[in-house]
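K.L.:
Sequence:
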Amino acid sequence: TSEMTVATEFPTLTKKYLEKNNLNPKIVKLSGSTEIAPFIGVADLITDLTSTGTTLKMNHLKIIDTILESTIVLITNENSLNEKKTLVEAVNRSIKGVIDAFGKKLIMMNVKSQDLDEVRKLMPSMEGPTVSEVLSKEKTVAIQAVIDEDQVFELVNDLRNAGAKDILVVPIERII
Numbered sequence: 032t033s034e035m036t037v038a039t040e041f042p043t044l045t046k047k048y049l050e051k052n053n054l055n056p057k058i059v060k061l062s063g064s065t066e067i068a069p070f071i072g073v074a075d076l077i078t079d080l081t082s083t084g085t086t087l088k089m090n091h092l093k094i095i096d097t098i099l100e101s102t103i104v105l106i107t108n109e110n111s112l113n114e115k116k117t118l119v120e121a122v123n124r125s126i127k128g129v130i131d132a133f134g135k136k137l138i139m140m141n142v143k144s145q146d147l148d149e150v151r152k153l154m155p156s157m158e159g160p161t162v163s164e165v166l167s168k169e170k171t172v173a174i175q176a177v178i179d180e181d182q183v184f185e186l187v188n189d190l191r192n193a194g195a196k197d198i199l200v201v202p203i204e205r206i207i
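Each step along the sequence shown adds one to the number in the working numbering, with nothing skipped, and position 152 is 183.
These are computed hints drawn from the structure, not numbers from a lab.
Only a predicted model underlies this, so the values are computations on that prediction, with no experimental measurement involved.
We treat Cβ as the ideally placed atom computed from N, Cα and C, and that holds for glycine.
Hints may be right or wrong, so weigh each one.
[Said to hold, decoys possible] Here are the simulated BS3-like cross-link-like pairs (lysine-lysine), alpha carbons at most 25 Å apart as the crow flies:
1) Lys136 to Lys196
2) Lys152 to Lys135
3) Lys168 to Lys143
4) Lys60 to Lys47
5) Lys135 to Lys93
6) Lys136 to Lys93
[Unchecked claim] Computed Cβ-Cβ distance ranges for the label pairs, DEER-style:
7) Val183 to Gly72: 19 to 29 Å
8) Lys168 to Leu99: 24 to 34 Å
9) Gln175 to Ile67: 24 to 34 Å
10) Leu99 to Ile67: 17 to 27 Å
11) Ile71 to Asp96: 17 to 27 Å
12) Ala173 to Leu44: 37 to 47 Å
Input sequences plus hints: build the corresponding full structure.
P.N.:
Okay, here's the thing in C-alpha cells:
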C-alpha cells in the first residue's frame, strides 16, 4: 500500500480512514476535479463527495466504500422563524435552488429552421425547450433547455447528427 496514492480534498478525514484500515498510501491534496486524478495519473484512488455518482461513472470510477454519510439541515429558532419568516423562507428557497440545480446543465445551440423539428424531438427539458429567433442570413433558431448531467455526452452527439451547431453546455448555479 505504500506505493498507492490517494487524491482528495479531505486529507485529514482520508488519513484517519486509511489508518483505521491499516493502510498508509501517499495522500495528495487537490482542490476540485478530484475525479480526474486517476485518469491523468496523479492517483490510484480518490476520496470525494458524491451525491448521484454520475461524475464518477463518467470518469469510469467505482465506489468501493463509504467513508462518511452526512446530512445538511437548515435550523432556526422559534423567534427567528416568527420575526424573520420572510428572510428564513428566502434562504430556504435559495438553498433549495442550489440543490435542485445539482446534476443539471443548461444546453444551448443554434439550429437551422429546417432541422428544428428533428432537434426538438431529442430535447428533454423541465417544461420544454426555449426556442428563439437568431438574427442571421439563414433562417436559424437558438434552442436552450435544462438537462440532466448524465445525458450530456449522448445528447450532444445526437443533436450534432440532427443538425445542431454551436452547442454550449454550461453549469447551472440554481433553479428557482
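K.L.:
Against the earlier hints, flag every one the structure doesn't satisfy and list their numbers going up.
P.N.:
8
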